[in-house]
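Peer 1: Using the sequences and the accompanying hints, generate a full structural model.
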Amino acid sequence: MIIVNVKENESIEKALKRFKKKFDKTGAVRELRARQAFTKPSIVRRAQVIKAAYKQNLRDEEMK
Numbered sequence: 001m002i003i004v005n006v007k008e009n010e011s012i013e014k015a016l017k018r019f020k021k022k023f024d025k026t027g028a029v030r031e032l033r034a035r036q037a038f039t040k041p042s043i044v045r046r047a048q049v050i051k052a053a054y055k056q057n058l059r060d061e062e063m064k
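Under the numbering used here, the first residue of the sequence shown is numbered 1, with each subsequent residue one higher.
There may be inaccurate statements among the hints.
So the derived label-pair ranges between C-beta atoms look like this [stated by the list, open to error]:
| # | residue 1 | residue 2 | range |
| --- | --- | --- | --- |
| 1 | A53 | N9 | 46 to 56 Å |
| 2 | A37 | E61 | 25 to 35 Å |
| 3 | D24 | Y54 | 17 to 27 Å |
| 4 | V6 | D60 | 44 to 54 Å |
| 5 | K14 | Q48 | 18 to 28 Å |
| 6 | K7 | Q56 | 21 to 31 Å |
| 7 | F38 | S11 | 42 to 52 Å |
| 8 | T26 | M63 | 32 to 42 Å |
| 9 | A52 | S11 | 35 to 45 Å |
Listed next, the in silico DSSO-like pairs over lysine-lysine satisfying Cα-Cα at most 27 Å (straight line) [unchecked claim]:
| # | residue 1 | residue 2 |
| --- | --- | --- |
| 10 | K64 | K40 |
| 11 | K51 | K25 |
| 12 | K17 | K7 |
| 13 | K40 | K17 |
| 14 | K55 | K40 |
| 15 | K51 | K22 |
| 16 | K55 | K21 |
| 17 | K25 | K40 |
| 18 | K22 | K7 |
| 19 | K40 | K22 |
| 20 | K25 | K55 |
| 21 | K64 | K51 |
| 22 | K20 | K40 |
| 23 | K21 | K64 |
| 24 | K25 | K14 |
Source of the hints: derived by calculation from the structure; they are not laboratory data. Just so it is clear, the structure is predicted and the values come from calculations on it, not from any experiment. Each residue gets a CB set at the ideal place from its N, CA and C atoms; glycine is no exception.
Peer 2: Shown next, in the form of structure tokens:
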């Protein structure tokens with residue numbers, strides 16, 4: 001459970017912004033979306049390989 005203490009003289013908007021940031025860091029929404037449909041392990045691995053190749057390509061272009 002996420003707890004956000006509201007400090008004295010702090011607006012609700014700032015406290016809400018801190019809550020949203022903490023909530024995003026937990027990754028709950030991402031996990032819920034991923035669990036909506038089953039993805040085969042082979043597809044998960046393929047996506048990881050494609051993502052790694054993309055990142056490597058970006059790094060290689062940066063070195064040029």
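Peer 1: All hints, please: hold or fail.
Peer 2: Against the structure, the hints come out as follows:
1. A53 with N9: 46 to 56 Å: 50 Å, holds
2. A37 with E61: 25 to 35 Å: Holds, since A37 and E61 (Cβ atoms, about 34 Å apart) stay within the stated range.
3. D24 with Y54: 17 to 27 Å: 23 Å, holds
4. V6 with D60: 44 to 54 Å: Holds: the Cβ-Cβ distance is about 47 Å, inside 44 to 54 Å.
5. K14 with Q48: 18 to 28 Å: 37 Å, violated
6. K7 with Q56: 21 to 31 Å: 44 Å, violated
7. F38 with S11: 42 to 52 Å: Holds - the Cβ-Cβ distance for F38 and S11, about 43 Å, lies within 42 to 52 Å.
8. T26 with M63: 32 to 42 Å: With a Cβ separation near 35 Å, T26 and M63 satisfy 32 to 42 Å, so the hint holds.
9. A52 with S11: 35 to 45 Å: For S11 against A52, whose Cβ atoms are near 42 Å apart, the range 35 to 45 Å holds.
10. K64 with K40: 37 Å, violated
11. K51 with K25: 21 Å, holds
12. K17 with K7: Status holds; Cα separation ~13 Å.
13. K40 with K17: 36 Å, violated
14. K55 with K40: 23 Å, holds
15. K51 with K22: 26 Å, holds
16. K55 with K21: OK: K55 and K21 at ~25 Å, within 27 Å.
17. K25 with K40: 26 Å, holds
18. K22 with K7: 16 Å, holds
19. K40 with K22: 30 Å, violated
20. K25 with K55: OK: K25 and K55 at ~22 Å, within 27 Å.
21. K64 with K51: Distance ~21 Å between K64 and K51 Cα, so the pair holds.
22. K20 with K40: 31 Å, violated
23. K21 with K64: Violated: K21 and K64 sit about 36 Å apart, past 27 Å.
24. K25 with K14: OK: K25 and K14 at ~17 Å, within 27 Å.
In terms of the numbered hints stated before, the structure departs from hints 5, 6, 10, 13, 19, 22, 23, listed from lowest to highest.
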